[in-house]
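K.L.:
One-letter residues, chain by chain:
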Amino acid sequence: MRWFWIDKFIEFESGKSAKAVKCVSLAEDHLHDHFRYLPVMPHSLVIEGIAQTGGLLAGEVYDFRERVVLAKVAKAIFHGTAHPGDRLTYSATMNDIRENGAYVSATSHIGDTLHAEVELFFAHLSDKDQQRELFFPADLLSMLRLLGLYEVGKAKDGTPLQPPEYMIQAEIELTKTPSIS
Amino acid sequence: MAPSDDEVFEKVREALVDALGVDEEEVVPEATMVGDLGAESIDFLDIVFRLEKAFDITIPRDELFPEDILTNAEYVQDGKVTAEGLAELKKRMPFADLTKFEANPVVTDFGNLLTVNDMCSYVKSKLS
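As they're listed, the protein sequences go chains A and B.
Quick note on our numbering: the first sequence kicks off at 1 and runs consecutively.
Quick note on our numbering: the second sequence kicks off at 1 and runs consecutively.
Derived by calculation from the structure, the hints in this document are not laboratory data.
Be careful, since some hints might not be right.
To be verified - Have a look at the derived ranges for each label pair, beta carbon to beta carbon:
#1 I77/A x D6/B: 25 to 31 Å
#2 Q162/A x D6/B: 34 to 40 Å
#3 L127/B x V69/A: 29 to 35 Å
#4 D6/B x A155/A: 33 to 39 Å
#5 D112/A x K90/B: 54 to 60 Å
#6 E26/B x T81/A: 31 to 37 Å
#7 Y166/A x S125/B: 39 to 45 Å
#8 S44/A x S125/B: 37 to 43 Å
#9 K100/B x N100/A: 24 to 30 Å
#10 K90/B x P164/A: 51 to 57 Å
As the list claims (entries may be wrong) - Derived SDA-like pairs (lysine to any residue); straight-line CA-CA distance at most 25 Å:
#11 K156/A x I97/A
#12 K72/A x G35/B
#13 K156/A x T32/B
#14 K72/A x T32/B
Stated by the list, open to error - Not the full set, but computed from the structure, chain B residues with beta-carbon under 7 Å of chain A:
#15 D46
#16 F49
#17 I57
#18 I59
#19 R61
Just so you know, even glycine gets a beta-carbon here, dropped at the ideal spot from N, CA and C.
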């Protein structure tokens, strides 16, 4: 099981904005207890999905070399609840990004209806010298491909977004390594 | 035209209310950022973004909160800021009143020094 709280990107403009969708399904275990007779997508997991949308938007600016972590939920206002069968659209806008962090505003919509408004701060972990990666580059790249980032992504100059070269190299290296499974 | 002291205070107050989730009444000039308003280190990044937007200024990293000095072994010994460190802090933070801190410069107390008034002085120094 992977901690995926978005299903795919539908728009992505490098350093500017990103849109991702999350389809809520009764097949998700957590909805069976939250709540037993009224399955509701937990607000916290909506925020997590928005953070994944905004966090990848922030990470891409520095070619995913910074270790981006959600540092603060500055604002989270929910106007309603999401239920199985709903398709949530998370729209994240980059307000500001710099070497030590990023500030993102986002919304969640169910169809055309505003569902939530969220403001998030991401920090770039500074202890880079310790060489602890949050993700292996090849794993991260496969995740980004799964999410369709490179199908819809646009680089700053409007051309299709390409994975950073070091990630492609890591992916090639991985295919050369015999599988242990 | 540069904004008046009251205008600066009002905008700083708005930024702090939004960033820290405190009530307007709590944000008074003498309130300390960490002790009274509960600011944590990540909040300073939030505050920096909001002040930049509100005043159309640029705040370089570590200028408002010089973490680099406080974590530099050259300027800190046995948990206290050295004389050189204090000189560096004063140079970097002309907007802050460091008199109290100088008497007992324990690093962990530093965060409790900055007041709302210091934030306003800082903004004014950037605007002038």
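K.L.:
Take the hints in turn and mark each one as holding or not.
P.N.:
So, going through the hints one by one against the coordinates:
1. Taking the beta carbon of each, I77/A and D6/B are about 30 Å apart, inside 25 to 31 Å as hinted.
2. At about 51 Å, the beta-carbon gap between Q162/A and D6/B misses the expected band of 34 to 40 Å.
3. For L127/B paired with V69/A, a C-beta distance near 33 Å keeps the hint of 29 to 35 Å intact.
4. At roughly 46 Å, the beta carbons of D6/B and A155/A sit outside the given window of 33 to 39 Å.
5. A hinted range of 54 to 60 Å for the beta carbons of D112/A and K90/B is consistent with their spacing of about 56 Å.
6. A hinted range of 31 to 37 Å holds for the C-beta pair E26/B and T81/A, which are about 32 Å apart.
7. For the pair Y166/A and S125/B, the supplied restraint of 39 to 45 Å holds, since their beta-carbon distance comes to about 42 Å.
8. Separated by about 41 Å at the C-beta atoms, S44/A and S125/B satisfy the suggested range of 37 to 43 Å.
9. Restraint check, K100/B to N100/A: a C-beta distance of roughly 28 Å satisfies the suggested window 24 to 30 Å.
10. A hinted range of 51 to 57 Å for the beta carbons of K90/B and P164/A is inconsistent with their spacing of about 43 Å.
11. A C-alpha spacing of about 15 Å is found between K156/A and I97/A, which places the hinted pair at or below 25 Å, so the restraint holds.
12. As the CA atoms of K72/A and G35/B are separated by approximately 19 Å, the hinted pair is consistent with the 25 Å bound.
13. Of the pairs offered as hints, the one joining K156/A and T32/B is violated, with about 42 Å between alpha carbons and a cut-off of 25 Å exceeded.
14. Only pairs whose Cα atoms come within 25 Å are accepted, and K72/A paired with T32/B is accepted, the gap being roughly 21 Å.
15. Interface restraint check for D46/B: the shortest CB-CB distance to chain A comes to about 5 Å, inside 7 Å, so the restraint holds.
16. Nearest Cβ of chain A to the Cβ of F49/B: about 5 Å, under the 7 Å cut. The hint holds.
17. Checking I57/B against chain A: minimum C-beta separation of about 13 Å lies over 7 Å; hint violated.
18. Evaluation of the I59/B hint against chain A yields a violated restraint, the C-beta minimum of about 10 Å exceeding 7 Å.
19. For the restraint placing R61/B at the interface with chain A, the shortest Cβ-Cβ distance is roughly 6 Å, inside the 7 Å limit, so the hint holds.
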